[in-house]
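J.: Each chain, written out:
Number of protein chains: 2
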Amino acid sequence: MMKQSITSLFGIQYPIVQAGMAGGPATPELAAAVSNAGGLGTLGAGYMTPADLEAAIHTMKELTNKPCAVNLFLPEVFMEDSVRTEKMRKRLAPFRSSLGMEQASAESGYQSIFQDQLQTVLDAQVSIVSFTFNSPSTELVGQLKEQGITIMATATSVEEARQLEAEGVDVISAQGSEAGGHRGTFIGEAEDALIGSMTLVPLLTDAVSVPVIAAGGIMDGRGIAAAMALGASGVQLGTAFLASAESGAHPLHKDAIFQAKETDLKLTKAFSGKMARGINNDFMEQMAGEENLPPYPIQNALTSDIRKQAAIQGKSEWMSLWAGQGAPMATRLSAHEIMENLVKDYNQVISRMPPF
Amino acid sequence: MMKQSITSLFGIQYPIVQAGMAGGPATPELAAAVSNAGGLGTLGAGYMTPADLEAAIHTMKELTNKPCAVNLFLPEVFMEDSVRTEKMRKRLAPFRSSLGMEQASAESGYQSIFQDQLQTVLDAQVSIVSFTFNSPSTELVGQLKEQGITIMATATSVEEARQLEAEGVDVISAQGSEAGGHRGTFIGEAEDALIGSMTLVPLLTDAVSVPVIAAGGIMDGRGIAAAMALGASGVQLGTAFLASAESGAHPLHKDAIFQAKETDLKLTKAFSGKMARGINNDFMEQMAGEENLPPYPIQNALTSDIRKQAAIQGKSEWMSLWAGQGAPMATRLSAHEIMENLVKDYNQVISRMPPF
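Chains A and B, in that order, give the protein sequences. For the first sequence, counting from 1, position 164 maps to 164 in UniProt numbering; every step adds exactly one. For the second sequence, counting from 1, position 101 maps to 101 in UniProt numbering; every step adds exactly one.
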């Protein structure tokens, strides 16, 4: 079936989206550089306070007048269990001690900032918003459409893609199992929705009539050509930009990417309570056996300042080193050079495809 | 880097290999039909007795004069633990009782038939042999090369691919995480080598100079085009042929494929002690918590007659319903029609690839 072109939908030159990697990597500088090079840059705003988000959008808009997206984490229902949370606080105490941190108080917890982030995005007149971790409500979709905002959201299965389309999402990002960072699964268990891009992309392309963007494992022109062959209307790359000059990833995080073998990119719930893919390290191994991990966002709040302190002290073994399985193919080039290579290599790859 | 063409290496028309699905599906009829249609058919001989193998090769050669391959399981080192084995025998007793089977004796166990299978293949003058579960020894490679046999073997990581190349393997099959049936991992843990085809294919293509064939998640012309874009010299499809007219898969196995959602294709060690992907069912769920599973091939031997009896009694919940994540895209067409569609669709897909 003929799908709407995402270049015309987003107003961009190339159907290449830079993933909104939250927690540092997807800076305003990275997003603007990708957009200036003809792709769609995305601000990774998942964890940003409204004030930081406002400043970041301002910076991004100063650096480019091209379209950019903002990525937000949709709130989800979760069960609090104060006994379990308290056990985890105790379990994490030795990490804090070892880093010279004060012990966490029972009050320090999680508070959703989504509504304030959303208001900031609406006030700043952002034209494209992408969501993950859930399906936007009919009300939220209506609110965004009223302002003419194009909505993108992440699916990890056919059922999720159909729900997103039914809610009115304009573009679906198909997150293959190769992808780095958090899984976007919101129906069923993340363990069951680890579908490789080779299968997920054609399945989702067939299942919905809106454009599908392939995300997961795409690192170069070969991957883009593969995704387009599978029926994708475009691609989303995170890890390919993670070690770029403009990425805000911690220098140790960037270094780790170049040490990692593809078998080191493991799935873990240890850092946040939600399954995510990153470079295996001591924290993941120490926490591997934990049976009573609080769910996201509780566990994320419990480990957040441990990871921040570990980053300050240069202890990458206790940082969350999110990255996709394609990490061994990452480069330290500038976002502009990466974009140039992607386009050039893609055109070369498709010009060489041998007919049978 | 320029790689040898697998069509000239194998003496076939299209770089499409049918996977040697052991235990029934990859019959002489299926292999011959694929080869007659211009691909490379493969006899799934992993579990065949030498006598059955000899007969199957004979049938295959009567049905086609085109090149065909035979797939064998390489022996591997495993630890026997008679206490654990006995515990598992007791754990499996209720399944046997429920099926009206006699209880297994402590003597019924596993005996390798590889050397006899190998001799059968050598005697029958098969021209192409493919291996999985291990790296062939230098001695074995020499023995096969002396007879002019082309050797293919499965890798699930860069390290494995490099070892296979160093041993003298001619073609490497890159088994992406999407693939159905047993994982071929032979270095490290299978859990760590679940790399999606989107990433595994370019990584392996770059890592070795021999041709790499993409296996895992490829179901149609789109998947073939994707694999070729990623740098593969060809493709290997199993699930795409699993429900074909010529497949020897049990009718209930074929039916289950058309009921399965992509999220139902789960990894399990329950049936064989080795990680494999199949359609989730009661046996997998009942055994999911088992901590002391004997390794392959012990567990395989322990459950083998239970699965056979379940198949006879039409109880698919206790059969091993191996299939890849692409199962929802499978068809019941003949192998000849599937091959025709693959070639036609591939050519259409590559003719439509839009330059950026």
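Calculated from the structure, these hints are not laboratory results. Just so we're clear, the structure is a prediction, and the values are computed from it rather than from any experiment. Where hints are given, some of them may not hold.
Any copy will do: because identical chains look the same in the list, a pair fits if it lies in one copy or spans two.
[To be verified] With a Cα cut of at most 16 Å, we get these calculated EDC-like pairs of lysine to aspartate or glutamate:
(1) Lys308 to Glu337
(2) Lys266 to Glu191
(3) Lys315 to Asp255
(4) Lys261 to Glu191
(5) Lys315 to Asp116
(6) Lys266 to Glu285
(7) Lys308 to Glu291
(8) Lys261 to Asp192
(9) Lys261 to Glu189
(10) Lys315 to Asp305
J.: If a hint holds in the structure, say so; if it does not, say that too.
T.: Hints, verified against the model:
| no. | hint | verdict |
| --- | --- | --- |
| 1 | Lys308 to Glu337 | neither (30 Å within a copy, 58 Å between copies) |
| 2 | Lys266 to Glu191 | both (13 Å within a copy, 9 Å between copies) |
| 3 | Lys315 to Asp255 | within (12 Å within a copy, 53 Å between copies) |
| 4 | Lys261 to Glu191 | between (22 Å within a copy, 14 Å between copies) |
| 5 | Lys315 to Asp116 | neither (33 Å within a copy, 55 Å between copies) |
| 6 | Lys266 to Glu285 | within (10 Å within a copy, 24 Å between copies) |
| 7 | Lys308 to Glu291 | neither (24 Å within a copy, 36 Å between copies) |
| 8 | Lys261 to Asp192 | between (24 Å within a copy, 11 Å between copies) |
| 9 | Lys261 to Glu189 | between (27 Å within a copy, 14 Å between copies) |
| 10 | Lys315 to Asp305 | within (13 Å within a copy, 53 Å between copies) |
Checked against the numbered hints given earlier, this structure breaks hints 1, 5, 7; the rest are met.
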